[in-house]
Each structure stands twice: as structure tokens, then as C-alpha cells.
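Peer 1: Each residue of the sequence shown is one higher than the one before, starting from 0 at the first, in numbering that gives the first Met the number 0.
Simulated from the structure, these hints should not be mistaken for laboratory data.
We put the CB at the ideal spot given by N, CA and C, even for glycine.
There's no promise every hint is true.
[Said to hold, decoys possible] Derived DEER-like restraints, expressed as beta-carbon distance ranges:
(1) 67 - 279: 48 to 54 Å
(2) 67 - 39: 49 to 55 Å
(3) 285 - 311: 56 to 62 Å
(4) 237 - 175: 58 to 64 Å
(5) 291 - 22: 20 to 26 Å
(6) 226 - 160: 53 to 59 Å
(7) 17 - 134: 33 to 39 Å
(8) 32 - 60: 42 to 48 Å
(9) 210 - 115: 37 to 43 Å
[Claimed, not checked] Here are the simulated PhoX-like pairs of lysine-lysine, each with C-alpha atoms no more than 20 Å apart in a straight line:
(10) 94 - 160
(11) 172 - 248
(12) 89 - 270
(13) 270 - 94
(14) 244 - 197
(15) 278 - 301
(16) 272 - 248
(17) 230 - 160
(18) 20 - 31
(19) 116 - 160
(20) 160 - 270
(21) 248 - 197
(22) 272 - 257
(23) 172 - 160
(24) 142 - 89
(25) 140 - 89
(26) 30 - 20
(27) 94 - 230
(28) 160 - 197
(29) 142 - 270
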Amino acid sequence: MSQCTCFHSTGFQPITPWKDKISSAQMEQIKKNFASVKPMKEEPLALPKEASSATPARRSPVVIERGPVTPFHTGYARIDNVITDALRGKSQELKDSVYDIIWNDFLPNHVHGVEEKDRLARISLGIEKAEYLAGQFMDEKTKGSFMEAMRSIARIGMEGKRVGSCDMEYQVKHAICLDGNGYVREDSMGVVNYAMEKYDSRSYAAYQKLLDSSGKDTEESAMFAMRWMLKNIDLVAAGRPGYQKYQDKQYEKLYQVKLDRTFSGADTSSKEKFLASIKEKLMANRELQLDFFMDQIAQMTKGPGGYLVGRRMVLSGRA
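Construct all of the structure, not just a fragment, from the sequences and the given hints.
Peer 2: So this is what it looks like as C-alpha cells:
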């Protein structure tokens with residue numbers, strides 16, 4: 000495993016027991032003085048007689064329920080809006096299960112302690128989880144388009160790059176425009192940048208210089224592009240057909256990315272058979288971190304009914 004540099008590896012200073020901080024002479028002195036000190040109360044501690052016959056209080060279990068999983072949007076309308084349509088009108092439990100797959104299986108931000116082969120295998124597990132959910136809760140027409148969109152997000156995950164040893168970067172958009180129905184709208188700045196590069200190379204070079212100086216899009220570079228757009232509305236309109244073809248090529252490149260097949264072909268006919276099938280495939284891939292994936296399977300068993308994510312945790316204890 001590569002040397003980890005994230006905060007999880009900094010650890011804590013070991014705690015030195017109190018008895019190791021003092022000498023044996025000091026300990027003997029403490030014992031000597033302790034025996035000479037009178038107790039604050041001579042009578043032994045005891046419960047009142049009327050309390051001894053009382054019925055022990057029953058502890059009610061504590062129920063902890065987390066909120067719904069936050070929807071994830073890649074910023075690519077052709078992908079995100081298909082998932083939005085597939086989940087419209089569905090239960091919150093199904094939405095939680097789907098978005099949990101995207102957040103944690105396909106595009107996790109942090110992969111501390113996870114080898115690359117395990118990260119890719121988890122993407123494969125996420126695809127099978129999506130296949131199971133689609134088969135259980137969606138009709139055939141919806142299932143096909145939904146799975147194509149989920150595989151597209153999985154491909155984005157396959158192309159993810161590590162930053163250091165534990166953080167991940169993906170080719171997703173961080174500034175996303177959503178309309179009132181929850182649909183992603185393509186970023187208008189994409190066609191602006193395309194038209195600027197094609198029709199005004201001098202301005203595009205200046206724009207790139209602003210980007211390169213900061214390493215990312217900033218208010219200054221955004222305002223530069225906005226001013227250029229307002230002055231060159233006709234050029235932006237002329238560039239739209241070419242930008243559409245450019246987008247088509249980018250999607251085609253994404254569709255060609257090969258997916259990991261570690262868990263492919265799992266039995267998705269029922270939740271019990273699905274979890275058993277996943278476990279069987281895991282046992283056939285002993286080079287993976289078994290404990291890591293067994294924990295994933297254990298978490299799925301806690302999901303209510305046929306779902307894979309449980310939002311409710313019940314804690315109980317005995318006195």
C-alpha cells in the first residue's frame with residue numbers, strides 16, 4: 000500500500016499511564032498517606048429501604064435516524080437528468096440507496112486505506128447494487144436508461160485520479176445549474192469557452208493565462224469570459240453547433256471506458272440471494288480486502304425491506 004499522507008494517518012500521541020509517571024518512592028509515600036486519611040463518611044453507602052423493593056426502571060431504546068442522502072449531480076445533463084426521472088415519485092429509501100451508491104461506491108472523495116484494486120472493485124459492487132435496485136423497484140423501460148446513466152457515472156469513477164494517496168479527483172462539474180424541477184442545465188460557459196477558443200485566439204490566450212495563474216476558475220476569469228460573451232453574442236451562437244458535436248465526442252469517450260467486473264453477474268432476484276451472491280464472489284477474489292467488503296455487505300443487510308441503505312439505528316442497553 001502506498002504511504003498515506005492524510006489526517007487519518009497522523010494518529011495520536013500514546014497515553015502514558017499515571018503510575019508510569021511517578022517513581023516507586025513517590026508511590027510508597029502515596030500509599031502511606033492514603034492509609035492515614037479518614038473517610039469523609041463512616042457509614043457504608045446503601046440504597047434506602049423503600050427503594051430496594053421498587054421495580055427497576057426500563058430503559059427505552061434510543062432511535063437515531065439520519066436525514067436523507069444528498070442527491071449527487073455530475074453536471075452532465077444527459078446523465079443526471081435520466082437518474083432524476085427514474086427516481087421521480089419513488090420512495091425516499093430508494094433515492095437514499097441510489098445516491099449512496101454514487102457518493103460512496105462510484106465517486107468517494109476520500110479513500111484512506113483503500114488500494115486501487117479495491118476502489119475499482121467497489122465501483123463494480125456499486126453497479127451490481129444499482130442493477131439489483133433497478134430490478135426490484137423499476138419497470139423495464141426505466142431500468143434500461145437508469146442503468147446506462149449509472150454505468151456512465153461508474154465510468155467517471157474508473158477515470159478518477161488520486162491526489163496524494165487518499166483523496167480523489169473526478170471529471171465532474173462543481174458549479175451546477177438546477178431548474179425548479181431538479182433538472183441539470185448544461186453550463187452556458189462551455190459554449191462560450193469553445194467559441195472564444197475557435198474565433199478569438201488572442202482573448203482565449205488571455206483567459207487561459209488568468210486560469211493558469213490561479214490554477215482554477217476564479218471570479219476574475221469568470222468575469223473575463225462573461226464580458227467576452229456579452230460583446231460576442233453572434234460568435235457564441237455560431238459556435239453552438241460545433242460545441243454540440245464536441246460534447247457528443249466527450250460522451251462517446253466516456254462510454255468507451257471499461258468497467259471493473261469483479262462482482263459482475265450477481266444474482267439480483269432477491270435481497271437474500273443478492274447478498275449471498277456478492278459474498279460468494281468476494282470469497283473468489285481473495286486478493287481484495289475481505290474485511291472492507293464484508294463490512295459493506297453487513298451494512299446492506301441493515302437496509303429496511305428490499306433497500307440497501309438503513310437510515311434508522313436503534314441503540315439499547317442494560318443496566
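Peer 1: All the hints need checking, so say for each whether the structure fits it.
Peer 2: Against the structure, the hints:
Checked against the given bound of 48 to 54 Å, the beta carbons of residue 67 and residue 279, roughly 32 Å apart, lie outside it. Between residue 67 and residue 39 the beta carbons are some 54 Å apart, a value that agrees with the proposed interval 49 to 55 Å. Against the hinted window of 56 to 62 Å, the Cβ-Cβ separation of residue 285 and residue 311 comes to about 34 Å, which falls outside the hint. In this structure the hint that residue 237 and residue 175 lie 58 to 64 Å apart at CB is violated, the actual value being about 26 Å.
Checked against the hint of 20 to 26 Å, the pair residue 291 and residue 22 fails, with Cβ atoms roughly 46 Å apart. Between residue 226 and residue 160 the Cβ separation comes to about 33 Å, which falls outside the hinted range of 53 to 59 Å. At about 59 Å, the CB distance of residue 17 to residue 134 disagrees with the hint of 33 to 39 Å. Between residue 32 and residue 60 the CB atoms are about 47 Å apart, so this pair conforms to the stated range of 42 to 48 Å.
About 30 Å separates the C-beta atoms of residue 210 and residue 115, a value inconsistent with the hinted range of 37 to 43 Å. At most 20 Å may separate the alpha-carbon atoms for a hinted pair to count; residue 94 and residue 160 exceed this at roughly 27 Å. For the hint pairing residue 172 with residue 248, the CA-to-CA distance comes to about 17 Å; that is within 20 Å, so the pair holds. Proximity of residue 89 to residue 270 is assessed by CA-CA distance (about 19 Å); at most 20 Å being required, the pair is judged to hold.
Pair hint residue 270 plus residue 94 holds up; C-alpha atoms about 17 Å apart against a cutoff of 20 Å. For the hint linking residue 244 to residue 197, the alpha-carbon distance of about 14 Å falls within 20 Å, and the restraint holds. Taken as a hint, the residue 278 and residue 301 pair is honoured in the structure, with Cα atoms around 16 Å apart against an allowance of 20 Å. As the CA atoms of residue 272 and residue 248 are separated by approximately 39 Å, the hinted pair breaks the 20 Å bound.
For the hint linking residue 230 to residue 160, the alpha-carbon distance of about 37 Å lies beyond 20 Å, and the restraint is violated. Straight-line distance between C-alpha atoms of residue 20 and residue 31 comes to about 18 Å, which keeps the hinted pair within the 20 Å bound. Our distance criterion of 20 Å between C-alpha atoms is met by residue 116 and residue 160, whose separation comes to about 13 Å. Our distance criterion of 20 Å between C-alpha atoms is broken by residue 160 and residue 270, whose separation comes to about 33 Å.
Our distance criterion of 20 Å between C-alpha atoms is met by residue 248 and residue 197, whose separation comes to about 17 Å. Of the supplied pair hints, the one linking residue 272 and residue 257 is violated, its CA atoms being roughly 27 Å apart against a limit of 20 Å. A distance of roughly 15 Å separates the Cα atoms of residue 172 and residue 160; the hinted pair therefore holds under the 20 Å criterion. Among the hinted pairs, residue 142 with residue 89 is consistent with the structure: their alpha-carbon atoms are about 13 Å apart, no more than 20 Å.
Between the alpha carbons of residue 140 and residue 89 the distance comes to roughly 15 Å, so the proposed pair stays at or under 20 Å and holds. Proximity of residue 30 to residue 20 is assessed by CA-CA distance (about 16 Å); at most 20 Å being required, the pair is judged to hold. A distance of roughly 43 Å separates the Cα atoms of residue 94 and residue 230; the hinted pair therefore is violated under the 20 Å criterion. For a cut-off of 20 Å, the pair hint linking residue 160 to residue 197 is broken: about 29 Å separates their Cα positions.
At most 20 Å may separate the alpha-carbon atoms for a hinted pair to count; residue 142 and residue 270 meet this at roughly 17 Å.
Taken one by one, the earlier hints fail for this structure at numbers 1, 3, 4, 5, 6, 7, 9, 10, 16, 17, 20, 22, 27, 28, listed in ascending order.
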